[in-house]
Structures are given as C-alpha cells and as structure tokens.
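Colleague: Chains as they are written, first to last, in the working numbering: chain P, 7 to 395; chain S, 6 to 358; chain H, 317 to 640.
Hints were generated in silico from the structure; no laboratory data involved.
Fair warning: there could be bad hints in the mix.
Straight-line distance between alpha carbons at most 25 Å, and here's what the computed DMTMM-like set of lysine to aspartate or glutamate pairs gives [what the hints assert, rightly or not]:
| hint | chain 1 | residue 1 | chain 2 | residue 2 |
| --- | --- | --- | --- | --- |
| 1 | H | Lys637 | P | Glu266 |
| 2 | H | Lys637 | P | Glu309 |
| 3 | S | Lys20 | H | Glu493 |
| 4 | P | Lys9 | S | Asp8 |
| 5 | P | Lys27 | H | Glu480 |
| 6 | P | Lys273 | S | Asp51 |
| 7 | H | Lys621 | P | Asp205 |
| 8 | S | Lys355 | S | Glu239 |
| 9 | P | Lys21 | H | Glu480 |
| 10 | P | Lys27 | H | Glu482 |
| 11 | S | Lys156 | H | Asp422 |
| 12 | P | Lys9 | S | Glu239 |
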Amino acid sequence: MAKVPAAVIGVGQTKYQAARKDVSIAGLLREAVDRALADAQLTFADIDAVVVGKAPDLFEGVMMPELYLADALGAAGKPLLRVHTAGSVGGSTAIVAASLVQAGVHERVLTVAFEKQSESNAMWALSVPVPFIMPVHAGAGGYFAPHVRSYIRRSGAPTNIGAIVAAKDRQNALKNPYAHLRNENTTVESVLASTMLWDPIRYDETCPSSDGACAMVIASESAVGTSGVTNPAWIHGTQMRSEPTTAAERDQVNPQAGREAAAALWKQAGITSPIDEIDCAEIYVPFSWFEPMWLENLGFAAEGEGWKLTEAGETALGGRIPVNMSGGVLSSNPIGASGMIRFAEASLQVMGEAGEHQVDGARKALGHAYGGGSQFFAMWVVGADKPSN
Amino acid sequence: MRDVAVVAFSQRQMKEMDGSPTCVELLVPIFGELYEQTGWTKKDIDFWCSGSSDYLAGRSFSFVSAVDAIGALPPVMESHVEMDAAWALYEAWVKIQTGEIDTAAVYGFGKASAGVLRRTLSLQLDPYTVQPLWPDTVSLNGLQAREGLEKGLWDEKATAEVVARSMTDAAANEWAIRKGATSVDDVLAQPMYADPLRRWDIAPVSDGAAAIVIAAGDKAYEARETPAWITGFEHRIEPIALNARDLTTSTSTALAGRAAGTAGVDLAELHAPFSHQEIILREALGLASDVTVNPSGGALTANPMFTAGLNRIGEASRRIWAGESEKALAHSTSGPVLQQNLVCTLASKKGSN
Amino acid sequence: MAPSESRVLSAPMKVEFDYTRSLGPVLSRFMSALAQQQVLGGVLADGRVVVPPPEFDPVTHAAVTELVPVSSAGVVQTWTWVTEPVKDQPLDRPFAFAHVLLDGSDAPILHAVSVDSPAAMSTGMRVKVRWADEPTGTIRDIAWFEPVGDEEPAPSASVETTGEPEITGIISPVNLEYMYAASPEESKFFRGLAEGRILGQRCPKCQKVYVPPRGACPVDGVPTAEEIELPDRGTVTTFCIVNVPFQGQKIPIPYVSAYVLLDGADIAFLHLILECDAADVRMGMRVEAVWKPREEWTTDLNNIKYFRPTGEPDAEYETYKQHL
Chain P
7 MAKVPAAVIG VGQTKYQAAR KDVSIAGLLR EAVDRALADA QLTFADIDAV
57 VVGKAPDLFE GVMMPELYLA DALGAAGKPL LRVHTAGSVG GSTAIVAASL
107 VQAGVHERVL TVAFEKQSES NAMWALSVPV PFIMPVHAGA GGYFAPHVRS
157 YIRRSGAPTN IGAIVAAKDR QNALKNPYAH LRNENTTVES VLASTMLWDP
207 IRYDETCPSS DGACAMVIAS ESAVGTSGVT NPAWIHGTQM RSEPTTAAER
257 DQVNPQAGRE AAAALWKQAG ITSPIDEIDC AEIYVPFSWF EPMWLENLGF
307 AAEGEGWKLT EAGETALGGR IPVNMSGGVL SSNPIGASGM IRFAEASLQV
357 MGEAGEHQVD GARKALGHAY GGGSQFFAMW VVGADKPSN
Chain S
6 MRDVAVVAFS QRQMKEMDGS PTCVELLVPI FGELYEQTGW TKKDIDFWCS
56 GSSDYLAGRS FSFVSAVDAI GALPPVMESH VEMDAAWALY EAWVKIQTGE
106 IDTAAVYGFG KASAGVLRRT LSLQLDPYTV QPLWPDTVSL NGLQAREGLE
156 KGLWDEKATA EVVARSMTDA AANEWAIRKG ATSVDDVLAQ PMYADPLRRW
206 DIAPVSDGAA AIVIAAGDKA YEARETPAWI TGFEHRIEPI ALNARDLTTS
256 TSTALAGRAA GTAGVDLAEL HAPFSHQEII LREALGLASD VTVNPSGGAL
306 TANPMFTAGL NRIGEASRRI WAGESEKALA HSTSGPVLQQ NLVCTLASKK
356 GSN
Chain H
317 MAPSESRVLS APMKVEFDYT RSLGPVLSRF MSALAQQQVL GGVLADGRVV
367 VPPPEFDPVT HAAVTELVPV SSAGVVQTWT WVTEPVKDQP LDRPFAFAHV
417 LLDGSDAPIL HAVSVDSPAA MSTGMRVKVR WADEPTGTIR DIAWFEPVGD
467 EEPAPSASVE TTGEPEITGI ISPVNLEYMY AASPEESKFF RGLAEGRILG
517 QRCPKCQKVY VPPRGACPVD GVPTAEEIEL PDRGTVTTFC IVNVPFQGQK
567 IPIPYVSAYV LLDGADIAFL HLILECDAAD VRMGMRVEAV WKPREEWTTD
617 LNNIKYFRPT GEPDAEYETY KQHL
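In isolation and in its complexed conformation, chain P is listed as follows:
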C-alpha cells in the first residue's frame, strides 16, 4: 500500500526562557499551537487529531498532562495521543503525527511538544533517590561526560572541539528570536575559560534549562493542495530505533541504534551521500561534543572524523553541512520539546522561513533527536520538493 505523502504546513514556537512566569502550562502550549495554526492558515476546526509529546511527567508534577490539556488544545471530541520516549520524544511525537497522515487515517494533524522546566528541577526529577542504589553521576552532564571522554580518546580529537561547537551554536542563537541563551560575547576562548563542570564538559558546553513549546501542523498531499501554504516541508523519511541503556560491550559513543536509524533514513529518503545531499541539519546536541559524535553516528563523516568537520568550520552557517543554525539544544532546551524543535527548524529551513538563520537555498534538511543513555533515536528528512519515492 502506498504511503500518503505528507508535509509540514505550519510551525509555531514559544519564546524559550528559563522561566515563563507569565503563562500556565496550557498558556505556554497555546502560544506555540496558535502560531502553528496561523502559519498553516488553519483553525482548530480543521484539525483531525492531536499528538502531544513531553519528557517525564515528574518535571511538571502532572500525570499525563495531555488529559488536562485536551480542551485547551482543541482536542475535545477528537483523537489525542501522548508520546513519551525520553529525550527523543519531540522527534518521536512528530513521527507519530506524520504516520497518522501517511497511513491515510487523517488529513491534518496538530502536534505539540513542551516542557515547563521551571515548575520543578530537572536534576531532581531525573534522579529521585531509589533504595539500595548510590547515585554518583550528578545529573545528565555527569552521565554523558565519561562517554565524551571515550570519544576524545577514540578519535584523538583536539580538546577544544567542544568549545568550537558551543561558540558556533551560541552565535547562531543570536539570529534566532526564540532562542533562550543570547550572549553576544561567546567565543571559543570564553567557552574554554568557563568552569569545568563535569570534566571534560565545561559550563558553556552544556544546555540551559528552558520553558517552551513547539508545534507543527502536518497535512496530507491533498490537504496541502487545498491549504494556502505554497512552501510545505515534505517528509522524505522518518526513523526511530531503540536499544538498551546498558549492555555488555554496547557502544555508547557511536550507538548502533543511531547508526541503523540513519542508514535506514538515508535509504528511505533516497540519499546516498548525506554530506553532499543534505543542505543543513538540526541535530540534538545537549553537550557540545555530541556534534562531532553524531556527525559520525549519522554518517556525515567516517568514524573518528566528525571533529574535523567541526574544526574546519564546515558545520557553521555557510559551511559544507551547517548544523544547528537555530542555536540548537545548547541555546534552548525545553527537554520534551527539544526534539520537535529540531524537526521544526529543519522544516523551516526547507520552507525558506528560517529568517536570519536561513541556509541559502536549503532544499533538504535533517531533524534529529536522541534520548535516554544515547539509546533512543528519532530522525526525519524534510525537503522542499515532494518526495519521488
């Protein structure tokens, strides 16, 4: 059975900041949703179904908050789904929404992902003390830092690569009006001078904790046709893969699930050389070093070579493969939404609507998210042209 071609026809984002004290949870989501609907030139009445994503419920202390949000999201009387796949959730949510259209079940699906981290403390929510166990790794940074060290050892990368990524993403963020961190003076030197938090990860190489929401409207080929949108972002491929958190001899630097998801994605999207055929990428980089790590995992570079693209400036705007033009997770991180922001920003690029951080002539873009202990992967390719496959 042929898959129904589907496209993003509307994107909406909130301003990301440490604490959005001016809105409730519902108000935060509606800011993104109202913008996405306006962008798609639609109203709630046009929407067939709603798909909500967010990271753990403990962050806001609301169990299955989509239940409380149903009415504010215009979902009453409609189908509503709630996805939760750890940090990759924003991406997985978009993929589930896309599948509802691609399956021919719905014509127009609204999808939204969010986190209001200021309601609690993420480090607490992620490490509620469990009996018999001794927590030693001190939050997500502490979890990922040893694996960054392994990457540096394996690849022989110079130790300033992470700082290059951080400085680049923070400079990109200045071109994105929604970005949380906006510091004009971030340079490689200033990043290297920042406090070492989880050696080898410095303070400026970590993501902030943000409030925010991101929404998209995904439409079928026929619904795109009847919409007023002339520059949709066509979905060329979507993939999800998972593997266990820990397993004997599991590769935690270059996880198999990410490699296999990427290989399947490129095949699905008819791409044989990602670095040549993808114009730009929004990749989930919560700690700077994950840029070179994921460049390799995704197949933009051979194993051990990803840092060379970063070092050569090829991942900057104007480079061979611009990465995180929006400023990325390093500049805005409402956890549950962070994956969807990557997917949405990739869409904005091929729609030609990325504003100041637009990559000239972008026709194909990657949106990527990962979660858990580098074990859950979600990714998609969007293009300015309708897919031929």
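Mind docking chains S and H on chain P? Use the hints.
Modeller: Showing chains S and H alone in chain P's frame:
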C-alpha cells in the same frame, strides 16, 4: 486500509506483584508466550510499542528498562505512549497502515500496588484548581454514579447485576483477582464503602502486564489460522473538567463507537473500572441486549493500570480465535471518569465492517 | 517479614517536590480573588458562567477574558462519601466530595463538603464556602463547603478585580510514597553486598557476566542466571570529574565518577574513585573497592564507599576499549 489482525496475546494480572516496578520479570515470560503462539522470534517483529506510566512506578523513564525484556540489541524500532497500552496498539496499527512494517508487538505494564493508586491518580487532574484538593479516583467516579442513580438512569440493582455477572464470569479467568459465583443479593448485602459505591463496584487495585502481536495480511495467517481481524479502530477524548461534561453519558465512547462501526457485534469487552460505567458504555455504544459483555469478568475483576485496556482487546481476540464470536468489540478507557475512550472492533472475517 | 523471606528486597521510597506553578492571566485573577474571599467565574462566549474559570473557551477556543463574581453559596448537584480520606485532602476525617453549583454560575465546582455522616448529605442541599483561616491564593482558600443552615450568607462584598492580580503563581506540594522493590536478580546482588560479596550473573545465551545481574539480559531478553562471584577490583574504563554539587549529594567536589569494569565482568558500573587526586585518574587505571566497616554493611551499594587505585600498571587500552 490494510487488513491487520491480532494473532497473539499473553497477560498477567495479580493483586500484588512480588517484583520490581519495571515489570521485566512479567514481560519476559509474556514475550516468550507470544513467540510460542506465533512460532516467531524477535526477528519477526518489525515494531515494538508500549504503554506505561512514570507516576505509577514513582520514577522518571520507568519504561526504559522494560526495553531490556525485548533483548534490544541489535536495536529495535520502538515507541512508547504514556497511556494504556491499547493506545500503543493503535500507534502500532497506524504504523502498519503506513506500509513501513507488517508486524508489531505491543505491551503494557504497571505495578499500581507500589503506591496509593487512588491518590496518585489525582495528579491527572487540573493542576491549578482541582489537583490541590487531591480528589481521589473513587470519589470522582462516585459523583458520576450518584448522578446516574438520582436521574433514574440506572438503579443499584442494575449495577449489582453487573458486579454479580462479572465476578461469576471471572471464575473461569485464571488471571482475574476478584472472582467467584456471586448473586445480586450477595452484592447488595455488602456495606457501602464510598456512598453510593460498594467496594465490589470498584475495580481492585491490580498489578500486571500484557502483550499483543498484530500482523498484516498474509503475515497474520503465518502466525495463526484464525486471526482476529481489526475492522475498526478509533479513539476520542473529552475535556478533563467534570463540569464540562454530562457525566451520565460517554460522548467520546459514542463517537469512537460510531466511527469504528458497531453493527453486528456479538460480544464486547468493556473497560469499565466501576460497575455503573458498564451501563454508560453499553448505552453509548448502542449495544443490543443479546451482546455478551465482559465474559472475562472485565476490569471490575482485575484492572492493571496501563494494561487493562489492552487486555480487553486481547480477551475479545481470544473469543474470535476460539470461534466463540464472529464480531467483537473491545473498549479501553483512560483519564478521570471515562475522559478518553478507545474502541477496537475485531472479526473472524477480513473487512467485515 | 524478614528480608530473607521474600523473593525481592523492598524499601519505602518518597517522591517529593514543591512545584512552582505560574498561573497566567485567568487563573491569576481567580486565585487573587479567592485570597480576598471572592469566587470568580469565567464568562464563556455563549454567556455561561463557569467556576473555576477555564483559560480557553471550550467552543471558540479563544482565551477567556471576562471574569465575574459569583456567590459563595450554592446547591449540591452530586456527591460521594469519602470514608477513608487520603493524605492532603481538604479534611482528614470522613467528608463528602461534591459538585456545588454556586448561585450565579452555570457549571458546578468540585470541592469538599464537611458534614458528619453521609446521612447529612443530599443532592439539592444548600452549602456555602468555609474560607481558610489564612489565605494562600490557591483553591485551598476555600477550606471546604458546609451546610448553609438557617442563615444564608450575605452576598460577599464586591472586591476590586481590575488591575494587576496579586497572585501570579502557586506552590503545589506533591508528596507520594511508594514501596520500591528490586528485581529478584538485583535482590540477590544487594543481599550479597550485605555479606561483602559482589555477585554477578551470567546470561545463559550470550554468556556475558552482568553485575548487577539482570531480570533480562538486554541483548537476549532472558534473565541472567548462573551466579558468579566477582573480585572487588577492576579497571576504570572511562570517567568524569564532577565539579558541580547536586541535590542530595554528600561527596565533596571535585570527585571522580567512573565506570569500573570488575575483573571477570562484561559490563562496567558507575562508582566513585577517591584516595587520589582527581587529576591523576586515568582511563585504564586499576582500582579496588574500599568497603565500609563490616558492622555497617546493609543490602546497599553504599557498602562500597568508593574505589581507590591499586598501584598496579594501567590496563592496556585494547583490553577495555570494547566497553566504551
């Protein structure tokens, strides 16, 4: 739409599980039974999807270690919903409809006994104006029960009949928790617990896990001679605010039922955790009086959170496999007081909608 | 029951946090009015007045902007008796939860009604707000409802509801108690620790040795089985130096959190490396466990206080690189 069928089902239901909240120790034997029923191995499963809740387990990412039970290296295509696994099955069914995959295994799990379930569930309510009062599940559903009673939509004999029939039927269900031959008089002789509810009107707190395998077209016949073909699969939600709904009806169930198509249904497994809700659901679905309802004993006799809805689909499928039903309806509910409802219809013949 | 009698180890676990909730425009006005002992309803597009006010109109989906005062007295529409109140409910003795239709509103509010027995409750009875002694600007400013009795309350004085609301956020304490249980395999591991032993288990399929043992080998999906006692020394595969304090952490910074691959195990686990300068810790460093005094041993990973360097030559990278 592609023809997709339920080809395997395995479950565990218990009052208090002697094990970890990851429920891995339940999922491992359950997956083993799925392989036994289908003759497949994990290589034959294209997609995995699960339903569970962090708040049931009391920790973030509680679903993550359940992935171990799959044996997920090489990696698997996998997803998770923070909902009853019936909705995970829906996600998997949609995925098959895209043509990307042909088979899926769907599981749910939860150890509700680890916390105070009726209190924990109040965290589902509006976090500003309702949750701070900690309204417990039993009280909320009691509001609905009284409204129906006092409007004369049912009486306590009618709900006692539901209880008596469910407990009596559950005697034949090895996984039911509250069971045994019970008469209407037995039920009415029970003291009030949360007036207007007696304890037997309320599903017991239950632990458990369950899993289902679905497959498209000829793949389904590979696994089972008489697959249970999905002929309709729909779900709808209502506002959470009880004051924004008519509590004595279930409009979302009615909408889902109408969209899925209920004509010709001879058996229904309804996810009614409170006795009066079976009456509301029957009415919303327009089930005829000769439709067999909850031959398994239903959720009133065991209601493992995040699994009980999937179990309804599994139980309905078993009846189709056994030739006891030609067209069955399975229903799942989620959220406070029947807020969100799902209807899946199954038939012994393909496309017999 | 003594721990040894049960298949699994269990212990109480608490999930506690005081959430800080920002309210947004509608709920700020609602809560600010409650703090002044006035109930506001939201006016919907169809003219209905709903308490508590929804932030968005259920039909037009537009933001609700008009709030009007309603009475603090009304009629019970339906109710349930709470025989066994749970922690933090409005009353700690048996009471009723009810839908109360306040005079001047078109949809009922859910709240508690304080009476002595279910016999004192009835649909249609008139009740009025019992205000909390100290206002907090939350829904708990309505302590509960109680029967009106002979005397109807005077209409509440109209309070100033224009201008900036005073209450823009609430604190919502969430305190949950669970009984946590380890898996049967983990329980064996923790019980071994209580005897000063480190017990791993081998997967019957892939033959890999897991420590702690697993309810399911993450590769094969079957429980690990054959018990293998492991030495308390091994190799640091990789690590980080923690310079950031976090909630509940008692170790002074900087400290090293490292993956330690015990000799004979096929998977590393995280622990602390102390008794040396953090800057001297290396990938491949050989380490050994430092245990708490025997009399302090319990079924807990904390029995091993930390690992320290053994002074042996570092392990070759080739011997542990597949564990990164």
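Colleague: State for each hint whether it applies.
Modeller: Hints, verified against the model:
1. H:Lys637 <-> P:Glu266: Roughly 21 Å between the alpha carbons, so the hint for H:Lys637 and P:Glu266 holds.
2. H:Lys637 <-> P:Glu309: holds (15 Å)
3. S:Lys20 <-> H:Glu493: holds (18 Å)
4. P:Lys9 <-> S:Asp8: Roughly 15 Å separates the two Cα atoms, so the pair holds.
5. P:Lys27 <-> H:Glu480: holds (14 Å)
6. P:Lys273 <-> S:Asp51: holds (17 Å)
7. H:Lys621 <-> P:Asp205: Holds - the C-alpha atoms of P:Asp205 and H:Lys621 are around 22 Å apart, at most 25 Å.
8. S:Lys355 <-> S:Glu239: holds (17 Å)
9. P:Lys21 <-> H:Glu480: holds (23 Å)
10. P:Lys27 <-> H:Glu482: holds (13 Å)
11. S:Lys156 <-> H:Asp422: Given pair S:Lys156, H:Asp422 holds - Cα atoms ~19 Å apart, limit 25 Å.
12. P:Lys9 <-> S:Glu239: holds (20 Å)
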